[in-house]
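Following the hints, position chain L against chain V.
In case you want the letters, here they are:
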Amino acid sequence: GQNIDQPTEMTATEGAIVQINCTYQTSGFNGLFWYQQHAGEAPTFLSYNVLDGLEEKGRFSSFLSRSKGYSYLLLKELQMKDSASYLCAVRGEDSNYQLIWGAGTKLIIKP
Amino acid sequence: EPEVTQTPSHQVTQMGQEVILRCVPISNHLYFYWYRQILGQKVEFLVSFYNNEISEKSEIFDDQFSVERPDGSNFTLKIRSTKLEDSAMYFCASSEASYRGTDTQYFGPGTRLTVL
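Here the protein sequences come in this chain order: V and L. All residue numbers for the first sequence refer to my numbering, where the first residue is 65 and numbers rise by one. All residue numbers for the second sequence refer to my numbering, where the first residue is 12 and numbers rise by one.
What you were told as hints is all true, and nothing was included just to trick you.
Sample of chain L residues lacking proximity to chain V, with all beta carbon distances greater than 10 Å (derived):
no.	residue
1	38
2	62
3	91
4	92
5	94
6	125
One-sided and incomplete, this derived list gives chain L residues near chain V with beta-carbon spacing under 7 Å:
no.	residue
7	53
8	54
9	56
10	67
11	115
12	120
The hints are simulated quantities; they were obtained by calculation from the structure and are not laboratory data. No residue lacks a Cβ here, since even glycine has one placed at the ideal position from N, Cα and C.
The following block holds chain V by itself, in its conformation from the complex (with noise of 0.2 Å):
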């Protein structure tokens, strides 16, 4: 089967760091996404890999590892703002359209 599985929740202060983590078993990959969803909104697309390796978009950082089925969303410079749910999305090789999601994480950020 598909699957892929994130943390429920996680908690951070403003102005640090945090890491999430995803790990992904499908059937092939084509493209990993995360998507910032607030509270009764939509997702936002926030990054997106392919290949090995990191790519880096301001305070916001995804990092790919396909041997590993793995990716983690590296989020500075913590803002109050950054409170919502990170959602992974895995595009696998028998598709071309069709985005696998994780449950998502929630981040909660305290003063």
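For chain L alone, coordinates are given in the frame of chain V:
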């Protein structure tokens, strides 16, 4: 910045009734999607649509569901004979024409469907 829009924001219906959820994708996008998210659960893919036909659908997308692009701007999801378990947030998304690339899907704000 262009964005995906959805109407209505909240739809309440009686069990057994039909509902139509509407979406206006980003104007230069060619791929359209419907997802649903039951409260507190993960996002689930329903269907993707390209060139006026369904390109992929999940096992959730059975005969109860249909999609249509009735004109050059709207993309609709019809749910027939609604059931209590259809209560969820329904998201529309769209992406550009890149094939299997970084075709980032941009999501609309969602329609919250409540079936009573």
